[in-house]
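J.: Here is how the chains run, residue by residue.
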Amino acid sequence: MTTPEAIQGYIAGGLPCAHLEVEGDGQHFRAVIVSEKFAGLSRVRQHQLVYQVLGDRMREEIHALSLETWTPEAWAAKAGAARG
Amino acid sequence: MSANDRIREQVTSNPVVLYMKGSPAFPQCGFSGAAVQMLKACGVDRFQSVDVLADPEIRQGIKEYSNWPTIPQLYVNGEFVGGADIMREMYQSGELQKMLETAKA
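The listed protein sequences derive, respectively, from chains A and B.
Each residue of the first sequence is one higher than the one before, starting from 495 at the first, in our numbering.
Each residue of the second sequence is one higher than the one before, starting from 18 at the first, in our numbering.
Quick caveat, the hints were computed from the structure, so don't treat them as lab data.
There could be a bad hint or two in this list.
[Unchecked claim] Covered stretches of chain A, as calculated for chain B (at least 3 residues, CB under 8 Å): (1) 501-511; (2) 554-566.
[Stated by the list, open to error] The calculated BS3-like cross-link candidates involving lysine-lysine, where the alpha carbons are at most 27 Å apart (straight line), are: (3) B:K57 to B:K80; (4) B:K80 to B:K121; (5) A:K531 to B:K80; (6) B:K121 to B:K57; (7) A:K572 to B:K115; (8) B:K38 to B:K80.
[What the hints assert, rightly or not] Label-pair restraints from in silico Cβ distances: (9) A:A571 to B:M18: 25 to 35 Å; (10) A:S536 to B:R25: 38 to 48 Å; (11) A:Q542 to B:F43: 23 to 33 Å; (12) A:T497 to B:N84: 23 to 33 Å.
Please read all numbers here as calculations on a predicted model, not as lab measurements.
In this text, a Cβ means the ideal position worked out from N, Cα and C, and glycines have one as well.
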């Protein structure tokens, strides 16, 4: 069974991440990814970049993966807003 | 007609097209169900839905058409908008409502 740790490893192996969280139950996963590679990309392109890193695993191993993608700037702004 | 041609025709001849698992009344997957609910919440009652479970050629073809490995997929005015996560982010920020306003007709 796929674990969140395995998915975390796949993503970190192909994408430089400033922050990466993956959680899930073996069937459904959720990933929060902060990467400078997302800068200037639309949300669709950001997610496509993650899917590209995961490659065939998205078809074979991973049934469902929710993605939340952030640039470091947007992530810092969000953290600042949360602190209020 | 190839799957690619069929998809192009579907997304260009309907302003709002949702590729999903199951039907709007009976979604076969939670993400597809959530996508339907968001469209309805945006006031889009009539949209073209395509059940990929009923059409294996489209199920595979749509992933290649958009270079996107998951279902659901939303198209507005022929453009790929995103999957369930992007729809939710856009719904929460109000962007989805705005985009669908132009496609309601």
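J.: Of the numbered hints stated earlier in the document, which are not met by this structure?
T.: Hint check: 1, 9, 10 fail, others pass.
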